[in-house]
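Chemist: Guided by the hints, dock chain X onto chain Y, whose structure is given.
Protein chains: 2
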Amino acid sequence: MWGMDLNRNLDISLKRQIYQGLRDQMMAGTLKAGDPLPSTRELAKALSVSRNTVNEAYDMLIAEGYVESRQGAPTRVAEGLFLNRERPDPDVTRREPEVVPAFLADFKTGQPDLRQFPRYVWQRAFQKAFSGMSTDLLGYTGPQGLPELREEIAAWLMRSKGLAVDARDIFITAGATQALHLIADLLYAEHQQIMVEDPCNIEMIQTFIQKGYSVIPVPVDAHGIRTEAICKEQHGPVYVTPSHQFPLGGILPASRRAALIRFARFCGSYIIEDDYDSEFRYYGEPASPLYAMAPERVIYIGTFSKVLFPALRIGYVIVPRELQQRWRRLRTYTDVQNPPFEQAALAEMLQTRKFDRHIAKMRKVYRARRQVLLDALKECFGDEWRPWGDAAGLHLAVEFAGTAFNDAFRDQARRNGIRITPVEYHCIRKGLHENKLLLGYGHLEPDDIRQGVYRLLEFMKQAEDG
Amino acid sequence: MWGMDLNRNLDISLKRQIYQGLRDQMMAGTLKAGDPLPSTRELAKALSVSRNTVNEAYDMLIAEGYVESRQGAPTRVAEGLFLNRERPDPDVTRREPEVVPAFLADFKTGQPDLRQFPRYVWQRAFQKAFSGMSTDLLGYTGPQGLPELREEIAAWLMRSKGLAVDARDIFITAGATQALHLIADLLYAEHQQIMVEDPCNIEMIQTFIQKGYSVIPVPVDAHGIRTEAICKEQHGPVYVTPSHQFPLGGILPASRRAALIRFARFCGSYIIEDDYDSEFRYYGEPASPLYAMAPERVIYIGTFSKVLFPALRIGYVIVPRELQQRWRRLRTYTDVQNPPFEQAALAEMLQTRKFDRHIAKMRKVYRARRQVLLDALKECFGDEWRPWGDAAGLHLAVEFAGTAFNDAFRDQARRNGIRITPVEYHCIRKGLHENKLLLGYGHLEPDDIRQGVYRLLEFMKQAEDG
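Going line by line, the protein sequences match chains Y and X.
Under our numbering, the first sequence is numbered contiguously, ending at residue 466.
Under our numbering, the second sequence is numbered contiguously, ending at residue 1466.
Hints in this document: simulated from the structure, not taken from any laboratory.
Mixed in with the good hints, there may be bad ones.
[To be verified] If you want the footprint, here are the derived chain Y segments under chain X, 3+ residues with CB under 8 Å:
(1) 41-48
(2) 127-141
[As the list claims (entries may be wrong)] In silico DSS-like links for lysine-lysine, alpha-carbon gap of 25 Å or less:
(3) Y:K354 - Y:K128
(4) X:K1232 - X:K1306
(5) Y:K461 - Y:K128
(6) Y:K354 - X:K1128
(7) X:K1128 - X:K1354
(8) X:K1108 - Y:K128
(9) Y:K211 - X:K1354
(10) X:K1032 - X:K1461
(11) Y:K361 - Y:K306
(12) Y:K128 - X:K1354
(13) Y:K364 - Y:K306
(14) X:K1430 - X:K1211
[To be verified] Short, incomplete list of chain X residues facing chain Y, as computed with Cβ under 8 Å:
(15) T1075
(16) A1078
(17) A1254
(18) F1309
(19) V1336
(20) P1339
(21) P1340
(22) D1356
All values reported here derive from a predicted model rather than from experimental measurement.
Here a beta-carbon is modelled for each residue, glycine too, at the ideal position from N, C-alpha and C.
With the rest of the complex left out, here is chain Y (with noise of 0.2 Å):
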């Protein structure tokens, strides 16, 4: 009846299963400007419903401009409310992810182990920082991110990298990527180019290459970016990883990064400082941040991905007095602010220093870890690789003397259960890093690393057999 059944087992409510049924009449064309309406009380008779849900049905179409109601007159149907259904494109379907297959043994990097995370004690940080919360910290707070945490990161770079920073220079972001996206926007009508390292990590860089900046790379070798290959003619910001360069491993020497700083001042720009990982240095304490050199020339970046966990989405920003108050304007026009309970918690597990705790756990168990791999590459390989970059990270990079890792090989090793990265995916010039392959093992259990390397031995023989 009037084109409608009206399903009473539903979560919507009868009056808006009525003026769906009308509605979509009228935008098909079945209902025609002009036409009348029944009235509400033959209506409600007709669909068995009250008079007064049909009342409701019609206010809800007058309301929106369906239909036009006059004192005595019969509710019509308004005007140019006809609207083809358009087909839908075949070749539109809904493109779903990718879906990732179970590995083998799975040498991702960047991964930190996720079940060592002390999630209890991250719940009850969780819960002092929102029982102690002052409800104006549920309204806008403001693009920089909380003071309490600001002060405690101050304080935990004083404390682990002897970095003497005001909180005030400080900004919050959601993440390391967050970081690199503002950065890319805040620079961008100064700078349309970037020098980066080659490698670098190649997911990290296409916020500037989709920002629409030309990339021009810069070699690597084992101790990080090759300043001297960085042309006199060349200008634009310097986007490095100095404290252990990805994916090489390598600790940026004290005379390149005095050349880096020589550079940014000569042309005005600014050397993006991306120290995404320097807390896990196993030997020795972590390297001094390029940023103590010279503040008001390094844009800084921190993160607690790896430390903590991927999905907390916390990093921050050490930047420039310059460029703080258009960073402010730009964060609020992108995202306006973190949410503050993530922020709040990490500020306690700083406070209390059970942050320091899990670092100093992490370290151990990370640095156990990295031996057991060698000692597998070892047994497996003898004298035929060696290991690239500093004792630092949750990755290794090796060097197989007289063999060459490409796409085919990434490919042809997925399908046998195994996920590695050659290091020629992170190159943006092919060809330099064939022989180098990375296996990264942060997130492994010694006997996965172990039998990992063993399936991986396998492969590569299987592979050159083939």
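Modeler: Okay, now just chain X, sitting in the frame of chain Y:
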């Protein structure tokens, strides 16, 4: 001695103090390239520290390339370290954000009442969500947001607005601002111009301006955007608030909705529907989203900032399928994803319908406050004013016959402790809405509303006399 004052009361270790003391002298040129460092024995004695401490400091200097050490020879300062101290530019001082004074009458807009927020319910939802959370959720789980939250939002859209949406078409964002930011990035390659309502939320369109879009204003009347004023020659997306026009409050009539869809189809573009507060409609049902008319042409933005609290930073977008793959990629390189805790807690509140109860409660609270405001205006201003728009939302647009409100009026009011917003502030073409003010009332207690209106009356009298 050796230019170093060690301080045993600092949070920073003695070895790092020694490292930093020597490093600073190398950078300043006091220690020059090739200069030998003292022997570790000599320096340990001079500083009254253990020789081991000095050894560790030297190891740090070696690892970071400040000095070179050869067997049997003294450790010497490396080349190329000297770096002039750059004098900070005296004009560049840290710019602190503006401190907003406390107002005697604070009619700011877009502000829900945070004191009414059920903190205890939220805390319990948080705890429950956290306890049941898989450890996998601490890692990266993809740019689209938690499936259980998206399912709950789809169910909520059905029961509250009769909107049938597949949870796979819903994408969680860090609030509506980020949603607009992502949309601006997504559509820019194809369309460098956008049509917006005039007046509109002038803060929200900053993200389009910053991206480089030409912003084309389309006039608004009591019903919303005047679609007949969009030229056929125009193209590109249209950003609208059809359920409750911001700031004038109209519900867009069905014929204009259909016209918008026809326009988007005609030029192969999209309508961006910002449904920022349609949950708070005080008589009748929430208006039906434009999205229902043409899911393939409408990008729908929903937010929880107004219905729960702004610092939650959770919004969502219903993304047309054609755009979904690019959306995933874009979000990944923007800030990866939202943190999981708020998402899981919100899903819990939706699932238990505590969310629905909170909205039902607040609808009553806000409706009563709106009435208080209307009554107070009548008491104070008699027949000299009229309200604009539908009975909905957290603010009221009021027209005062024969007056003109501008920036000077606003600033003068501020100095008198009254925060109001002239509609002109949100206008792109100036001069068409000078006789209207916006009064935000959602966050104010009835007494504050009454007193605020009396203060406003007094101030307007003074301003007239002065």
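Chemist: All hints, please: hold or fail.
Modeler: Now for the hints, and whether the structure bears them out:
Under the rule that three or more residues need a Cβ within less than 8 Å of chain X, the assignment of the stretch 41-48 of chain Y is violated, with 0 such residues. With a threshold of 8 Å between beta carbons, the proposed coverage of the stretch 127-141 of chain Y by chain X holds, since 10 of its residues qualify and at least three are required. As the CA atoms of K354 of chain Y and K128 of chain Y are separated by approximately 14 Å, the hinted pair is consistent with the 25 Å bound. Annotation: proposed proximity of K1232 of chain X to K1306 of chain X is violated, straight-line Cα distance about 36 Å (limit 25 Å).
About 55 Å separates the Cα atoms of K461 of chain Y and K128 of chain Y, which puts this hinted pair outside 25 Å; it is violated. Our distance criterion of 25 Å between C-alpha atoms is met by K354 of chain Y and K1128 of chain X, whose separation comes to about 23 Å. Note on K1128 of chain X and K1354 of chain X: the hinted pairing holds, with a Cα-Cα distance of about 14 Å set against a maximum of 25 Å. Distance check on the hinted pair: K1108 of chain X and K128 of chain Y sit about 31 Å apart at the alpha-carbon level, beyond 25 Å; violated.
In summary, the hint linking K211 of chain Y to K1354 of chain X is not supported, as the alpha carbons are separated by about 42 Å, beyond the 25 Å threshold. Restraint check for K1032 of chain X and K1461 of chain X: not satisfied, since their Cα atoms lie roughly 74 Å apart, outside the 25 Å limit. Of the pairs offered as hints, the one joining K361 of chain Y and K306 of chain Y holds, with about 14 Å between alpha carbons and a cut-off of 25 Å not exceeded. Between the alpha carbons of K128 of chain Y and K1354 of chain X the distance comes to roughly 23 Å, so the proposed pair stays at or under 25 Å and holds.
Distance check on the hinted pair: K364 of chain Y and K306 of chain Y sit about 15 Å apart at the alpha-carbon level, within 25 Å; holds. A threshold of 25 Å between alpha carbons decides the hint, and for K1430 of chain X with K1211 of chain X the separation of about 23 Å falls inside it, so the pair holds. The beta carbon of T1075 of chain X is not positioned within 8 Å of any beta carbon in chain Y (closest approach about 13 Å), and the interface hint is therefore violated. Restraint check, A1078 of chain X versus chain Y: the minimum CB separation of about 5 Å is within 8 Å; hint holds.
Of the supplied interface hints, the one on A1254 of chain X holds, with its beta-carbon coming within about 4 Å of a beta-carbon of chain Y, less than 8 Å. Taking 8 Å as the C-beta contact cut-off toward chain Y, the hint placing F1309 of chain X at the interface holds, the least distance being around 4 Å. At its closest, the beta carbon of V1336 of chain X sits 5 Å from a beta carbon of chain Y; the interface hint therefore holds under the 8 Å criterion. Because the beta carbon of P1339 of chain X sits about 5 Å from the nearest beta carbon in chain Y, less than 8 Å, this interface hint is met.
The interface hint given for P1340 of chain X holds, since its Cβ lies 5 Å from the closest Cβ of chain Y, which is under the 8 Å cut-off. Among the interface hints, the one on D1356 of chain X is violated; its C-beta lies about 11 Å from the nearest C-beta in chain Y, farther than the 8 Å criterion.
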